[in-house]
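A.B. asks: For chain A, the structure is supplied; the task is to place chain D on it using the hints.
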Amino acid sequence: MSRTEITELQGDQLADLHQEARRLMTICNACRYCEGYCGVFPAMMRQTAFSDRDLDYLANLCHGCNGCYYACQYAPPHEFAVNVPQAFARLRADTYRRYTWPGFLSGLFQRNGTLVSVLMAGGIGLVLALIHLFQPPEVVMGEHAGNFYAVIPHNVMAWSFGGVFLYAVGVLLLGFLRFRRDTAPRAAETALSVAGATHDALTMKYMGGGGVRGRMDGCNYPAESFSQVRRWFHQMTFWGFLLCFAATSVGTIYHYLFGWQAPYGYTSLPVVLGTVGGIGLLIGPLGLISLKRVADPATQDGAQRGMDTGFLALLFLVSLTGLALLLWRDTGYMGTLLAIHLGTVLALFLTLPYGKFVHAVYRYAALLRNRREQRF
Amino acid sequence: MTGLSEKVDVIVVGGGGAAMAAAITAAERSARVLVLEAAPKDFRGGNTRHVRNIRYAHNAATDFVTGAYPVDEYYDDLLRVTQGNTDKELSRFLIERSEDAADWMTAHGVRFQPPLSGTIGLDRTNAFFKGGGKALLNAYYATAEKLGIECRYEAEVTDLVIEDGAFTAARVRHQGREHTVEARALVVAAGGFQADIDWLKEGWGEAAEGFLIRGTGYNKGRMLRVLMDRGAQTAAEADQCHAIAIDARSPKCDGGIATRVDCVIYSIMVNRKGQRFYDEGEDIWPKRYAIWGRLLARQEDQIAFGIVDAKANDLFMPSMYPPLKSDTIRGLAKALELDPGALEKTVAEYNAACRPGEFKPEVLDGLATEGLTPPKSNWARPVDTPPYYGYPLKPGITFTYLGVKVDKQARVQFTDAKGRTVPAANIFAAGEVMSGNILGQGYAGGVGMAIGLVFGRVAGEGAARLVSN
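Respectively, the protein sequence lines represent chains A and D.
One point on numbering: in the numbering used here, the residue at position 40 of the first sequence is 773, and numbering is uninterrupted.
One point on numbering: in the numbering used here, the residue at position 43 of the second sequence is 688, and numbering is uninterrupted.
Since the hints were made in silico from the structure, they are not lab data.
Honestly, I wouldn't trust all of these hints.
[Said to hold, decoys possible] Taking lysine to any residue pairs in the SDA-like style, the calculated list, with each CA pair at most 20 Å apart, reads: (1) 897/D <-> 810/A; (2) 970/D <-> 990/D; (3) 970/D <-> 782/A; (4) 686/D <-> 808/A; (5) 1005/D <-> 929/D; (6) 897/D <-> 814/A; (7) 686/D <-> 957/A; (8) 686/D <-> 1031/A; (9) 897/D <-> 760/A; (10) 686/D <-> 811/A; (11) 686/D <-> 812/A; (12) 897/D <-> 812/A; (13) 652/D <-> 792/D; (14) 956/D <-> 779/A; (15) 791/D <-> 960/A; (16) 686/D <-> 815/A; (17) 686/D <-> 810/A; (18) 956/D <-> 782/A; (19) 897/D <-> 967/D; (20) 897/D <-> 808/A; (21) 897/D <-> 815/A; (22) 791/D <-> 957/A; (23) 686/D <-> 814/A; (24) 938/A <-> 761/D.
[Stated by the list, open to error] Just some of the chain D residues that point at chain A, by a computed CB distance under 7 Å: (25) 694; (26) 697; (27) 756; (28) 758; (29) 759; (30) 761; (31) 965.
Using N, Cα and C, we set each Cβ at its ideal position, and we do this for glycine too.
One chain only, chain A, in its complex shape (with noise of 0.2 Å):
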């Protein structure tokens, strides 16, 4: 399928992979032999018809390992033509677009290669323009030790990206309570539940290629031949992401609770934290990206290659700006590095609810309605 014809996607179309994703399901559960691999077959196996929103959820607790795939005795060229992972990859996509908020935002998954650019560009341009209208070219290209708020004032600093942040949490939480509101109805989450689906995210456990304990040998990615590496790399990113989170949030309650103003010492904890994560953040999204672009192409939809990678992008960017700013804090090239930097998280935020950010939400959803109903 086609770039444009994915973008087209009409009501019709969007029916079609709901369709093809049941008649899979239906082959799948007369079959039952990928069970060791994932969750997804466990879970299909609990149910013996499919709504359009069972289907959802089954999509979003796939994480594309392509296990069940290469093992699939159904596979093109059969004519039962099987291939989960391809057929679950585009309906995810769907379930993207069709939870977020305002719904007329929806398009923007489909341009988020060029959204992303834009963006960023667009975020660059703005602080910098702010900054040299406010502040005169010697505070902007002067020295200031690592002072960032002798360029941006620390309140127009928090509250500008503060704001944007919050939207984002918001557009994301909304899009998980309607998900989960749709897909696991009337569900009451147990202490039991929220632990073992944290835990399964946290491991990311269904990339792990399930079996006997000692021999999970991983994903079939980026092709058949079986790998730990996706898994890695994801890690990484996911990690360091986190911690460049817990670094932002450290200083924030330094800042506020015990009054210590930035800059930080290199062995300081936000430092150090945000060097650390700045590290994954730069090895784990090069390293997905680059088997991204070996990928076997008959597991993936090749339509949300733009959208993978465009985030992947600029989480490096993010973070290579942001080492960057770290590294010249001293110089004259702060005040200039500092909105360059800031450019890139701005439209880190704003895209964070339009674009591959979003997975993280829907897979959690999933993850949490798979663990309740594991207990039967």
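C.D. replies: For chain D alone, kept in the frame of chain A given last:
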């Protein structure tokens, strides 16, 4: 490289579990091995593509079996399902040699899954491959590549050159060209003849036309025919095979496991005339699924229909094809193109013969009909709760048993000019093509894989020994 070597140490004909076990074993003993697989790469591996587990002897529970399955118990099971129709010495040998099956497979890349819900009551005796047979084949072929084994697809062996009882070369059609490849030993692991309907007719008559082939469409028994023509002795009869009930709407070939329908024990099974013909509740399903292929083959048009009502339809694995459905028996009969009056009569008679009692779907509940012929010995509840569902079923043949006779070294047995039995000097057989030595009739799940693995390895060892001498 896509060409074909002109001379190797060992030629393996076939590309399934037995062939790859032989090829890997021989290559590990330094033989230069050429694997000739008739199917294209996407469909490589014969019926192993569709398998899921192996039955092997083991003395304790492991990560993938729930308990011990000693040699003696396995042997008793085999004697029972074959009704003694087996080469007892070879069977015993097979079972004893199966003990390290899981270790050998694991060492060659195969991964097993822990015993899970889908393991159809075989979780003690059989180890289940994670992802099934195609995943297993992927692992074998990856191992073969590492060992430098030359694997050629769409490479069909059309004839064998056999001089003075010794194999010297194979005639191969590969990518539209004819080749002659010389080798010092030959392993035939090319499967049964189940995809050759004309040959099936030798055992089954015209009924063979109604058979569906569950597995690969490439097993046409060419190698078996060549060996038989050259005087190889045979084992098992032409009508003996592993066959089960599958959905009548399945493709002619290669439908595999998903086409299986498990409704039988909770249903009443009727033929084209709308009449019952066998005790559906004779025993638990894992012990009976393998007899229904033969039962269906003997019905008119080789078709029968499993009829269940709403209270029974969720008791068995969901089917790939949706059942036909109606709120009345009459409506269902029409949907199934049966005589409505006949089906109504059969259902009424059956319902009248049902007796009150506790229905226990998981065990032999003894809930039997009274005064009905044939009886239904267990799970006999009236079919009275609409909607009613009908599953059209046909015999799905997995593999044929008629094959070449072998000894414990997997050497094909020939009859010489004086009528004496002589083992071939350098021709070995493994897998379905010699399964008749073990399976004279009947079947137990996972035995086919054991035959392929054990005799494949023995054949590979024997072939390599000839080369190194």
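A.B. asks: Does each hint hold? Answer for all of them.
C.D. replies: A quick look at each hint next to the structure:
Taken as a hint, the residue 897/D and residue 810/A pair is honoured in the structure, with Cα atoms around 16 Å apart against an allowance of 20 Å. This hinted pair checks out: residue 970/D and residue 990/D have alpha carbons roughly 19 Å apart, not beyond 20 Å. Straight-line distance between C-alpha atoms of residue 970/D and residue 782/A comes to about 15 Å, which keeps the hinted pair within the 20 Å bound. Restraint check for residue 686/D and residue 808/A: the C-alpha separation of about 13 Å stays at or below 20 Å, so the hint holds.
Proximity of residue 1005/D to residue 929/D is assessed by CA-CA distance (about 12 Å); at most 20 Å being required, the pair is judged to hold. Proximity of residue 897/D to residue 814/A is assessed by CA-CA distance (about 16 Å); at most 20 Å being required, the pair is judged to hold. Simply put, residue 686/D and residue 957/A have alpha-carbon atoms about 14 Å apart, close enough for the 20 Å limit, and the pair holds. Taken as a hint, the residue 686/D and residue 1031/A pair is honoured in the structure, with Cα atoms around 16 Å apart against an allowance of 20 Å.
With a CA separation close to 17 Å, the supplied pair residue 897/D and residue 760/A stays within the 20 Å bound. Between residue 686/D and residue 811/A the alpha-carbon distance is near 12 Å, which keeps this suggested pair within the 20 Å criterion. For the hint linking residue 686/D to residue 812/A, the alpha-carbon distance of about 15 Å falls within 20 Å, and the restraint holds. A threshold of 20 Å between alpha carbons decides the hint, and for residue 897/D with residue 812/A the separation of about 11 Å falls inside it, so the pair holds.
A distance of roughly 18 Å separates the Cα atoms of residue 652/D and residue 792/D; the hinted pair therefore holds under the 20 Å criterion. Between residue 956/D and residue 779/A, the direct Cα distance comes to roughly 18 Å. Compliance with the 20 Å bound is thereby established for this hinted pair. The straight-line distance between the Cα atoms of residue 791/D and residue 960/A is roughly 17 Å, inside the 20 Å bound, and the hint therefore holds. For a cut-off of 20 Å, the pair hint linking residue 686/D to residue 815/A stands: about 17 Å separates their Cα positions.
For the suggested pair residue 686/D and residue 810/A, the alpha carbons sit about 11 Å apart, so the restraint of at most 20 Å is met. Simply put, residue 956/D and residue 782/A have alpha-carbon atoms about 16 Å apart, close enough for the 20 Å limit, and the pair holds. Restraint check for residue 897/D and residue 967/D: satisfied, since their Cα atoms lie roughly 18 Å apart, inside the 20 Å limit. Proposed proximity of residue 897/D and residue 808/A is supported: the alpha carbons are some 17 Å apart, at most 20 Å.
A C-alpha spacing of about 18 Å is found between residue 897/D and residue 815/A, which places the hinted pair at or below 20 Å, so the restraint holds. Proposed proximity of residue 791/D and residue 957/A is supported: the alpha carbons are some 15 Å apart, at most 20 Å. For the hint linking residue 686/D to residue 814/A, the alpha-carbon distance of about 16 Å falls within 20 Å, and the restraint holds. A distance of roughly 18 Å separates the Cα atoms of residue 938/A and residue 761/D; the hinted pair therefore holds under the 20 Å criterion.
Proximity of residue 694/D to chain A holds as hinted, the smallest CB-CB distance being about 5 Å (cut-off 7 Å). For the restraint placing residue 697/D at the interface with chain A, the shortest Cβ-Cβ distance is roughly 6 Å, inside the 7 Å limit, so the hint holds. Annotation: interface hint on residue 756/D holds; nearest CB of chain A at approximately 5 Å, less than 7 Å. The restraint placing residue 758/D at the interface with chain A holds, with a minimum CB-CB distance near 3 Å, inside the 7 Å limit.
Given hint, residue 759/D at the interface with chain A, holds; its Cβ is 6 Å from that chain's nearest Cβ, closer than 7 Å. A cut of 7 Å between beta carbons decides the hint on residue 761/D: the least distance to chain A is about 5 Å, and the hint holds. Hint on residue 965/D holds. Least Cβ distance to chain A is approximately 4 Å, under the 7 Å limit.
In this structure, none of the earlier numbered hints is contradicted; all agree with it.
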